[in-house]
Amino acid sequence: MGRYIGKRFLHSIFTLFIIATVTFILMNLMPGKPFTGEKPIPEEIRKNMEAKYGLDKPIHERYVIYMKNLLRGDLGMSMVHKHRSVGSIIKERFPISASLGLRALSFALIAGLFLGIIAAVNHGKTWDYVSMIIAVIGVSVPSFIIGGLLQYFVGVKLRLFPVTGWESFKHTVIPSFALGLGTLAVMARMMRTSMLDVLNQDYIKTAKAKGLPRRAVVWRHGIRNAILPVVTILGPLVAGITTGTFVVENIFAIPGLGQFLVSSVNQNDYTLIMGLTLFYSLILVTMNFIVDILYGIVDPRITLVERKE
Amino acid sequence: MKRGKKLITLLLATVLLASVAFTGCSDKGSASKLPTLKILTDDSDTAKRYAQAFQGMWQKELGIKVEIDSTTFKDRLQRTQEGDFQIVMAGWGPDYNDPMTFMDMWVTDGPFNEGGYANPEYDELIAKAKASPDNDERMDLMAQAEKILIEDMAIGPIYFRYRDYIKNPKLQGEVRRAFAPDPDFYWASIEDGDSITFNIGTEPPDMDPQTTTDTVSFQLLGHTFEGLTRLDQEGKAMPGMAKDWEVSDDGLEWTFNLRDDAKWSDGKPVTAHDFEYAWKRALDPELASQYAYILYYIENAEEYYNGEASVDDVGVEAVDDTTLKVRLALPAPFFDTLVAFGTFMPLNEEYHKSVGDKYASEADKMIYNGPFVMTTWDHDSKVVLKKNPDYWNADEIKLETIEGLMIKDANSALNEFLTGGLDIVGVRGDQKEQVKKEGYELLHYADGSSWYFLFNLEDEILANENIRKALTYSINRQAFVEKILQDDSKVGLGFVPPVMPGKSGSFREEVGDLFQDYDIKTAKKCLEKGIEELGLE
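Residue numbers (the working numbering), protein chains in the order written: chain A, 120 to 428; chain B, 9 to 545.
Think of the hints as simulated: they come from the structure by calculation, not from any bench. Some hints here could point you the wrong way.
As the list claims (entries may be wrong) - List time: in silico DSSO-like cross-link candidates among lysine-lysine, alpha-carbon distance up to 30 angstroms:
1) K537/B / K511/B
2) K166/A / K361/B
3) K288/B / K152/A
4) K82/B / K152/A
5) K416/B / K276/A
6) K251/B / K155/B
7) K498/B / K176/A
8) K276/B / K138/B
9) K244/B / K152/A
10) K395/B / K416/B
11) K444/B / K276/B
12) K187/A / K82/B
13) K210/A / K68/B
14) K373/B / K210/A
15) K82/B / K498/B
16) K210/A / K178/B
17) K138/B / K276/A
18) K288/B / K171/A
19) K373/B / K166/A
20) K178/B / K440/B
21) K271/B / K244/B
22) K533/B / K68/B
23) K276/A / K395/B
24) K138/B / K155/B
25) K276/A / K178/B
26) K82/B / K166/A
27) K244/A / K327/A
28) K251/B / K271/B
29) K166/A / K288/B
30) K155/B / K68/B
31) K288/B / K251/B
32) K498/B / K444/B
33) K366/B / K276/B
34) K176/A / K366/B
35) K444/B / K201/A
36) K201/A / K288/B
37) K271/B / K288/B
38) K201/A / K394/B
39) K416/B / K445/B
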């Protein structure tokens, strides 16, 4: 186990290094420059500004400087938010995105799995159709439409929840719902397919033939085996949903990381692009690692350690 | 979804064209000899919609084929600045309250002259206007220069932007204007209360007065800081930190007399030294301030920034604690309004050294001298401004609290307003119907920007004046404003917008329109002539 973790750790470092390098190169190939503004800047002023941020140096020199700083844990200062370091932006904004993401994910997981299981168990009956209609709506209606509609009808017309902001529990309800709905649908459909597949297996028939109660069949033999594919996508899902989502955060004016993922690219904020990409990659790599470990727990047949002959 | 939107915009453009009165057969025979032109635009839906409208008009009225070349926002700016374009729609907003903020853009090799316009006659008129301390004479010279600019069709005017907004009827006295701070709540009050909330839209990227460049930061600085002067409701200079000021006859030497009861929010007095320190800091090449150029009216300012003069040569000097002497390189009769601009705000050297690099990074890493102080700066979320009890004119300030929320999405902001979470909010063209249904009165104001076609004069085809004229004359501005912009913008038949002052009233009104809107007859003649001159027959 220890050796496996060590190996995975080295792999992860290498992955992050590759990501950092590729992002650095692609970012510099992107059209536009950080200080290109709506009002053109006189030549000498632009030169001074570029010199201040080291942008006057050739790309390979800048790459070496960036990597050296990165090793020291220094992600640099944002080029647009002049007084904020990339580290502080992530430190301040990530907890909010993570909080929103985890709320949405919990809701999606619980409701999604429930709908999926109900649908599979009642295959071809009313509950199956109800669940799948909800799932189809969730998959096909984008979050900005759901978010906008909920904001207007539940927020403005019914005045049940606040329209924007992130202050109290009440503020979190609509955004979490809007963000979670799509994931809920994915979960429900996946769980239903996987569950149907499992329920047709011979061992389920055996369990039934043994005279086990239906509940025990579904719980002990059905769900445990059917949940594996869901666990697989959980890793990337957690990474994606907790590191900020632009659309929902934008509609509800939630001060999370999402806005920076988009604005940093639009504004050619090089240091912020690098910082956010690496941060996202780090979370993704970590989550995938955790999922691998979880596999072993959910399904004891999967083993992480290579057996020695 | 995106595809659907495209289709709708295309349809819209077609409808617009159909609604435009048909003016007989255009000479498509000659136009087809013109190679396909390209209009550069960014890839936002609005920008593309505008470009499609122009594309349609040119095709329909003149038979000219124009391709839409869409790219990212940053890339459009970059390519415009590098001269890698043929036609692009561009806009310019004023830095200060004088037509010169528009007119000196187009001098030969000027930093903002992206089209590459060069006319010695124009340059001379602008130089003369800059050297003249006499306001009427300056305005006459600038009017002549503008005529030449449009006769040469260096740029093709389209419209002057006006914006719509709604407010809580209890809110009174807010001032909307073309410069920061907009909206200005200096004179504002609210019935049965003393606190208001408005939408600043985004996190202020940089609250350091000497380096900042964006309207959100300038808006907040306008309320929390005060320069030597500040702008009154009409945009004229009124006493601020300076209780009065004198100008020498040649317009070059300005003496500002500071009030002796002005205080920073930490209790220290505001002195002339704070201004000298701040202004020289803004010009420090090490600081690399983007707006350093706005101080170039001061003697040796540009030279210091470019390393050709020392900091001691810069024409600003604190004679004593309450007297600031400024020597200008050129007479600028509007200098008293210029010093109300954010970059000219004072900074206490001692305080600045004590916080160092952290200056302006948080609400408590700044000291303020304006009518309000910032007490909360909740990054990416909101700011809270509280009335400054030590402000010299505190008796006139009626609001106790101004809260600024950061809601980027225009529909969310409107929804927040409808639930009472905002007291004032901007309204987009497509939101007007909803707002009217809700029973709010739409209010308008000029944001001071002028929008125009920027032509690349170094391009083979667009170097031809008649081609540029044909493109400009053939646009139906009235229809564009009504059907595409759907706001209260005004048709632009000159470059300087109506909000800029002239001899006594508005520069635009005094000078009048410089050509006729939607003049197909002349456009066609110009096109034929242009094609002939280019030898494309």
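Original post:
Which numbered hints does this structure break?
Top reply: 1, 6, 7, 8, 9, 11, 13, 16, 17, 23, 35
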